[in-house]
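Okay, here's what each chain looks like letter by letter:
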Amino acid sequence: MTLLSLALLVPWVSGVVLVVLDGRKRWVATLAIAALVATLGCLVAVAATAPGGRVSFTTGNWPPGVGITFQADALGLLFAILSVGTLTAAATHEVLDGVREPEFPGIVVLLAAGLSGVFLTADLFNFYVFFELALAASYVLSVYGRTPRAIGAGLVFTAVNVVGTFVFLLSVASVYRVTGTLDMAAIGSRMAIADPNASILIAVGFFVAFGVKLGLFPFHFWLPTVYTGSRPAVAAILSGSVANIGAYGLLRFGGQLLPRELELAAGALIVIGTASIVYGAVLAVSRRTASEMLAYSAIGQVGYVLVAIGIGGPLGFGAAILYAAVNALNKTLLFLTTRIQGPLVGAAFVIGALSVAGVPPAAGFVGKLGLFQAVHQNPALVALFVVGAVLSLVYAFQIYQYDHWRRSPAEVPSTRRERAVPVALAAVVLAVGLWPEPLLAFSEAAAAALVGP
Amino acid sequence: MASAIVRGVAAIYPLPTEPVSDPLSQAMALTAIVIGMAVTALLLALVLRVTLAFRSRALDELADTETERDLRLERRHASGQDSEEAAAR
Numbered sequence: 013m014t015l016l017s018l019a020l021l022v023p024w025v026s027g028v029v030l031v032v033l034d035g036r037k038r039w040v041a042t043l044a045i046a047a048l049v050a051t052l053g054c055l056v057a058v059a060a061t062a063p064g065g066r067v068s069f070t071t072g073n074w075p076p077g078v079g080i081t082f083q084a085d086a087l088g089l090l091f092a093i094l095s096v097g098t099l100t101a102a103a104t105h106e107v108l109d110g111v112r113e114p115e116f117p118g119i120v121v122l123l124a125a126g127l128s129g130v131f132l133t134a135d136l137f138n139f140y141v142f143f144e145l146a147l148a149a150s151y152v153l154s155v156y157g158r159t160p161r162a163i164g165a166g167l168v169f170t171a172v173n174v175v176g177t178f179v180f181l182l183s184v185a186s187v188y189r190v191t192g193t194l195d196m197a198a199i200g201s202r203m204a205i206a207d208p209n210a211s212i213l214i215a216v217g218f219f220v221a222f223g224v225k226l227g228l229f230p231f232h233f234w235l236p237t238v239y240t241g242s243r244p245a246v247a248a249i250l251s252g253s254v255a256n257i258g259a260y261g262l263l264r265f266g267g268q269l270l271p272r273e274l275e276l277a278a279g280a281l282i283v284i285g286t287a288s289i290v291y292g293a294v295l296a297v298s299r300r301t302a303s304e305m306l307a308y309s310a311i312g313q314v315g316y317v318l319v320a321i322g323i324g325g326p327l328g329f330g331a332a333i334l335y336a337a338v339n340a341l342n343k344t345l346l347f348l349t350t351r352i353q354g355p356l357v358g359a360a361f362v363i364g365a366l367s368v369a370g371v372p373p374a375a376g377f378v379g380k381l382g383l384f385q386a387v388h389q390n391p392a393l394v395a396l397f398v399v400g401a402v403l404s405l406v407y408a409f410q411i412y413q414y415d416h417w418r419r420s421p422a423e424v425p426s427t428r429r430e431r432a433v434p435v436a437l438a439a440v441v442l443a444v445g446l447w448p449e450p451l452l453a454f455s456e457a458a459a460a461a462l463v464g465p
Numbered sequence: 132m133a134s135a136i137v138r139g140v141a142a143i144y145p146l147p148t149e150p151v152s153d154p155l156s157q158a159m160a161l162t163a164i165v166i167g168m169a170v171t172a173l174l175l176a177l178v179l180r181v182t183l184a185f186r187s188r189a190l191d192e193l194a195d196t197e198t199e200r201d202l203r204l205e206r207r208h209a210s211g212q213d214s215e216e217a218a219a220r
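Protein sequences appear in the order of chains A and B.
Positions 13 to 465 (the working numbering) are the ones given, in order, by the first sequence.
Positions 132 to 220 (the working numbering) are the ones given, in order, by the second sequence.
Bear in mind the hints are in silico, worked out from the structure with no lab data behind them.
Misleading hints may appear alongside valid ones.
As the list claims (entries may be wrong) - Just a few of them, taken from the derived set where beta-carbon distance is under 10 angstroms, the chain B residues facing chain A: (1) Ala158; (2) Met159; (3) Ala160; (4) Ala169; (5) Leu177; (6) Val178; (7) Phe185.
Since this is a predicted model, take the numbers as computed values, not measurements.
Note that CB positions come from ideal geometry on N, CA and C, so glycine has one too.
Turn these sequences into a full structure, and let the hints steer you where they fit.
The following block contains the structure:
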């Protein structure tokens, strides 16, 4: 319980302090990284002390059901560790490169507070509050650099997500109206006896809100502008950490709170997922710059997660969790390698590209394997996944050819500091691919937490 | 307040004889208003930045500036590749 509250309080308090300090100074940036690492340490310690089990506490010593409950189960912990981990990597990269705006380190730490709050709360309204905290921090991050391009992208990102969270809030209010509670565990059981007309509307509201966050096919329109307009570290944070809220939300709200509606919509989810995969992959092939290719690739990759959620059951949810985790690692790695050159950068990019395509030594293989296990009875989906993987190989190596293979004499290699984080992340992706058991066990436990009573 | 579960007097000092209104939906509405206002303020600040950066408020002009820049970038990229290929040959 102490560790759980520390995981929320450390980034919150240090974020509030750091945001008023000048983050361009080296010691402030270092403090921010230390706060992120401490948060990550707390989360890992919670996971280590309660393997597979749940830790929960209710604020203010209220009886459960009255007070606001925080709960760490395997699903929440996996996403929290993953998101804060990728956030730490991206922030370290930017700090080593040189921070450009005074508020950057503090905002990143506040984002970590929002993210761990979203993943560890068991109260619906509290979810909304932390959701807004994380999003407000990412609005500020999206204009980082203050080039006209980044500011334009930031406006698009903010406007779209303000509408998205408004839809989410409407659904939260409707859930309270229908079930009379905001406690996630109680909602799951009370939703089962609710009026189907109301509950389907609620489910659609949640789906739209998280679909916008993830950048799924019909809601993807904002994504390319934002990911190509912002700096690599910010794009890595948005796609590697903030987008996890969407995947987690679909899993938690679909799998636990509205299982009946998820079953009803399974066909629609698979169709939308398929459209996402095809659209993202085809447009990514037609792009010539790394960040544009990655933006469209991101649309395609979340399609796989949605298809797996549509299939459902322990196998489908397990595959969705695993793929979302691996995808977050891939995207962080690949976005960080854009705009840097030099020895080992090409190798790091290749590892990320192989991971996106699902070729064995990289982590992506584990994710793709889980997906194929989930869909092996459906030949059409197997064919779709194979085509998607081949297309991703094509677009990734096209970019490799343009950016890394041909060495143009004008380019100076980046300094060792700038190359350190992408190379280390590539090593992590490779290590997860070679020794996937911990991640597999974790995602199985997470899927069990979702479908279990 | 449409989502309130029970109606009654305000829940400041509830008497056992009278029904009490549901305070939770009011608390939620207030929190949502506060958050919404803060986020709208942030959005407004962003709009100001965009206006300063592009020197225009009209959406069409913004879109034109963006397209122009994209075209310029693409041309530069294409010419860079052409010259590289020529050099390779």
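Results for each hint:
1. Ala158: Since the shortest Cβ distance to chain A is 9 angstroms, the answer is holds.
2. Met159: 6 angstroms, holds
3. Ala160: 8 angstroms, holds
4. Ala169: This interface hint holds because 7 angstroms falls under the 10 angstroms limit.
5. Leu177: Holds, about 5 angstroms.
6. Val178: Holds. Min distance 7 angstroms.
7. Phe185: Since the shortest Cβ distance to chain A is 6 angstroms, the answer is holds.
Figure legend: structure checked against the earlier numbered hints; every hint is met.
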